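Start from the sequences, fold in the hints, and give me the full structure.
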Amino acid sequence: MMRDALVIGVQTVLLIVIAPAIVGYVRLMKARLQGRRGAAVVQPYRELRKTFRKGMVIADSASWIFHLAPFVIVGATVAAASLAPVISAAQPADLLGDLFVLAALLMLGTFFLALGGLDPGTAFGGMGSSREMTVAALTEPTIAIAVLTLALTTGSTSLGAIAGTVLKTPAYAIGPGHALAFAAFLIALIAETGRLPVDNPSTHLELTMIHEAMILEYSGPYLALIEWAAAVRLTLLLTLAANLFLPWGMATSLAPVALVAALLAIVVKLAILGLLLALLETRVAKLRLFRVPELLALSFTLALLAAASSFFTK
Amino acid sequence: MNESLLFDWMLGAFALGAAASVALPLGGVLRRVALVCAAIGSASALALGLSVLRAGATWTARWDYLLQPLGGVALRVDSLGAFFLLIIGFTGLPASLFAIGYLKHLDGRMRSRATHALFNIFLASMCLVTCADNGGTFLFVWEVMAVASYLLVISDPEQADAPTAGLWYAVMTHAGFLALLAAFIILAQGGSWEFPVLHNASTLLSPGARGAVFVLMAAAFGSKAGLVPLHVWLPRAHPAAPSHVSALMSAAMVNLGVYGLVRLVFDLLPPGPPWWGGLLLGIGVITALTGVLYSVAETHLKRVLAYSTVENLGLVFIGLGFALLMRGYGYGALASMGLVAALLHTLNHAAFKCLLFLAAGSVVHGTHNVSMEMFGGLIKRMPATAMLSLLGTLALAGVPPLNGFASEWLTFQVLVAGAQRTAPALAILLPLALAGVALVAGLAALSGVRLFGITFLALPRSTGAQQAKESTRIMVVAMAIPAVACVVLGIAPTSVIPQLSRIASDLGQPAGPLSAGLALSVPLVTSRMWAAMIAAVAISAGAAAAVAVRMVGRHRPVRVGAAWNCGRIIQSARSEYTAAAFAEPLKRVFTGFYRPTQEVTIDVHPASRYFVRSIRLRADLAPWMEEVLYGPFVRATRAVSDRMRQLHSGSIHFYLALLPGALLMLFVISRWLR
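These protein sequence lines are chains F and H, in that order.
Take the first sequence: its position 133, counted from the start at 1, is 133 in this note's numbering, and no numbers get skipped.
Positions in the second sequence are counted from 1; adding 1000 to them yields this note's numbering.
These are computed hints drawn from the structure, not numbers from a lab.
On a predicted model such as this, the values are computed, not experimentally measured, just so you know.
Please note that a few of the clues may not be correct.
No farther apart than 20 Å at their CA atoms in a straight line, the calculated lysine to aspartate or glutamate pairs in the EDC-like style are these [said to hold, decoys possible]:
{"#": "1", "chain 1": "F", "residue 1": "Lys286", "chain 2": "F", "residue 2": "Glu212"}
{"#": "2", "chain 1": "H", "residue 1": "Lys1380", "chain 2": "F", "residue 2": "Asp60"}
{"#": "3", "chain 1": "F", "residue 1": "Lys54", "chain 2": "F", "residue 2": "Asp4"}
{"#": "4", "chain 1": "H", "residue 1": "Lys1587", "chain 2": "F", "residue 2": "Glu294"}
{"#": "5", "chain 1": "H", "residue 1": "Lys1104", "chain 2": "H", "residue 2": "Asp1064"}
{"#": "6", "chain 1": "H", "residue 1": "Lys1380", "chain 2": "H", "residue 2": "Asp1267"}
Chain H stretches covered by chain F per the calculated footprint, using a threshold of three residues with CB under 8 Å from any CB of chain F [unchecked claim]:
{"#": "7", "segment": "1441-1448"}
{"#": "8", "segment": "1573-1587"}
Cβ atoms here follow ideal geometry from the backbone N, Cα and C, with glycine treated the same way.
Written out as C-alpha cells, the structure is:
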C-alpha cells in the first residue's frame, strides 16, 4: 500500500517537475529550427519563479470564481497526472481511475479555465472561453474512440494495463489499429494543449488567441499556477502518447537499474515527441478557427478507422 | 406493516394537501399547509422506496372496490418500483419546500387553490404509477398524472406561450396514451390485465405481436421521456410550468417513461430480438445529440435545462438500448450492467436537474427575467444560488467528482465492454454510440460553462439582474438537498450500485460483473474509478497550491483594478460575451443541423446610404424538425377542422337532421361490432 502510494507520488512529482523543461525544450527546438538561438531549456522555470513572486492585479468585476479557478485547474491537472504511467508499467494508479477519468479530469481543468475567462466580463475572456470549449468538446469523440481502440486490442481502459499488455505483445503496437489511433491521438493532443495549428501559444494578438485570451486577466502567482498546469498538461499528454503507444523501455519491476533505464527511456521519448511538435509548429501556419473542426473531423475519422481495423484484426 | 403505514402516510398527506388547498381560506396558511403536506407525502414516498429497497421484499395491496370496471386497483411495490418511488419522493421533497417560498406571490389569489391542489395530485399520481400492478390502475394513474401536469403547465396566465405549450403537451401525451392502450390490448389478448398474468401471457404471443407491443410501448413511453422525434412538447411545456413543477416534470415525470419501458420490456415481455435494443440505442444517441445541441444554442434559461433533460434521457436510453441489445444477443451479464448504468444515470440526472430547475426558479424569481441574455453578475447578488448552481452545473457537465460523471463513466465502460464482443452489428453500432456519448459529454461541458458563466459571472446585463435579490432561506435549503445528493453520489457512487444490481437481478438479469467496494470497477475491462480518492488527490493538490500562493504572496501587493479591454477605459456589459455569442462557433460548425436564419435590417440616412443609423440583426434557428415531422400533420388537422367548420351553417334544422343520422350510424356500427 505504502509502496503503491510512493510509486504514484514519485511519478506524479516527476511529471510536474519536468513539465516546464519540456515546454522550454520545445521552444528551444522551435527557435533552432527557425534559425534563432533561443532561450535555455530552464527558461520556463525562471519565468515561473519571476511570475510567482509578482504582485497581482485582480479585475474589479471578478468574483470568487476567479480566485478559485487556478487552484481547481492545478488540482485537476495534478490528479490527472497522478494516473499516468511515467516510468513503471506496473501502475498502481490503475486503482484510482482509467483513461476516461483522466480525460474527464482534464475537462474539469478546462471547465474552470473557461469560467475564469468569463468571470471578469471582458470580451476577450469570453471569446477565449467559447473557443476553448468548442475545441475541447469536438476533441472528446476522438479521445473516446482512441481509448476504445486501445481497449479493443489490450482488453482494458486502464493506463498501466494498456502499457503492460503492449509491452508484452509488441505486435499490437505496430498493428494498424494502434498506428491510426496514435495519429488521431496526436491531433487530439495538439488541440487539447493549444498548439499550432489549432492555437498559437506565442501569439500577441488577442483576436487570434484561444488559451491566452482566457488567461489575459490573470497575473502573478495565479498566472504562474495556470502556466505550470498548462505545461503539466502538455507533458502528461506527450507521456501518454509515448507510453501507451510505444511503451518500450518502461520498468516492469521496481529494481533500481530498471527504473533508471525507464527514466532515460521516457526522457528520450519525450525529446523525440517534443522535436516532432517543434517541427510541426515551424512547418504549419495557424488554421482559421472555423477550419479547426475539419482537422478534428480528420482525427475522428482516423480514430474510427483505427477502431474498425481493430475489429478486423481481432 | 411498516410499508403499509408509510404508504398510507404518503397518500394521506397528498390527499390532505389537496383537500386543504380547496377548503382552507385563501392566504399564507393555505400555501404552507398544502405544501408541507406535499413535502410530508414526498418524504413518506422516499421512506417507502428506501424501505422496500433495503428489505428486498415487495409490498402489495388490492382495492377491488375502486376502479371496478378496469379490474380493481392492484398495487405492488417491488425493487424497480421502489427505486422510481424514491426518485419521485426525493425530488418532490425539495420541490415542495421550494414552492413554500416561491409561490408566496400567489397568496390570496383564487388560482393558488388549483395550483396547490394539482401539485399534490400530480405528486400522488406519479407515486402511484410506480405502484400499479395491473393495466387498469396503471393507465388510470398515468392519465391522472398527464392531466394534472397539463393543468399545471397552463396554470400561469402570465406565460403567453403556455396555452400553445399545453396543446403540444396534451396532444403528444394522449397520442402516447393511445399507443399504450393499444399495446396493453394486444398484450392482454382479451384476458386479464393483471401484470403477473400479462407476464405469463406474453410468452404465448407471436414474435410479430411482441414486436408490435414493443414498438407501441417504446413510442408511448418515449413520448413521455422526450425521445426524438417525440420530444417536441418537452422544451415547450417544462419552461411554461412554474419552476417547482418544471423540476418535478424534468426530474421525476420523464423518468416514469424510463420506468414504464423497463417494467414492460424487461419485466413483462420475454427477451426479444437484438433489433429492439439497436432501435433504442440508435434513438438514444440521436436524442442525446439533439438535446445537447439545442441546449447549447438556446438562450431561454429554462429551455436550456429542458433540452438538457432530453439529452440526459437520451443517455439513459442508450444504457437501456444497450441492455436490450445484449439481452437479445444472450449476454446477460452485460445486459445487467447496461441496466445498472441506465438506472444510475436516471438517479443522478434527477438529482442535478431538480437542483438546476429550482435554481433557475430562484434566478427567475430574483431577476424577473427568463432570458440568459438578461442575466450576468448574479454570483455577487445571489451567492447561495450561485454556489449551489455551480455544483449542479458541474454535475450536468459530467466532470469528476460530481455524480453526472459517475454514470457517464459507467456508460462509457459498458459500451467498451460490449464492443469487445464479436458480432458485426455491434462492431458498427457501439463505436458510433461511444463517439456519440463522448461528443455529448464534451458539448454538455460547453453547455455547463455557458449556463453558469453567462448567468452568474461577469457584469449584469439588465436592471433586473442588477437589482436581483437572494431567495428566501427555505428556497436555499430546498436547493441544498439535491446539491448534497449530487456531491455524495459523485464521491460514493458505489453506495447505490448493490441496490441497482439487485433491481437488475430481480428483473431476471444475471448479476453483472460490476463489483463495487470503495471504487466503482468493471472487471470486464479491468477499469476502476475511485472517485473519493481522486477527489482527495485533486483537493490536496489544489490546497497545496493555495498554501504556496499564500506563503509566497504574503508580502506582495494585490491590487484591484479595471479589466483589460484593449485600451477602452469604461467596461460595460455591452462588450462582454453573450449566451448567443458563446454558442456561435458551434452554430457554425453544425450549420447543417441548426439551419440558422438571419435577418439584417439596416436603417440608413435618407441623404446617403453610406450613413447608417442603426443595424438590427435577428438570428434564429429554423425549427426544421417540427416542420418536417409535424408540419404535415398540423396542416392536415387544420384542413379537416376547417372542413368540419363548414357544417356549422347555423341552421337548426340542419343540426336536427344530423342527429338521427348519427343515431343510425351508431346502430350500424354496434350491429357490425357484434
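For each hint given before, does the structure comply? Return the numbers of the non-compliant ones in rising order.
3, 5, 6
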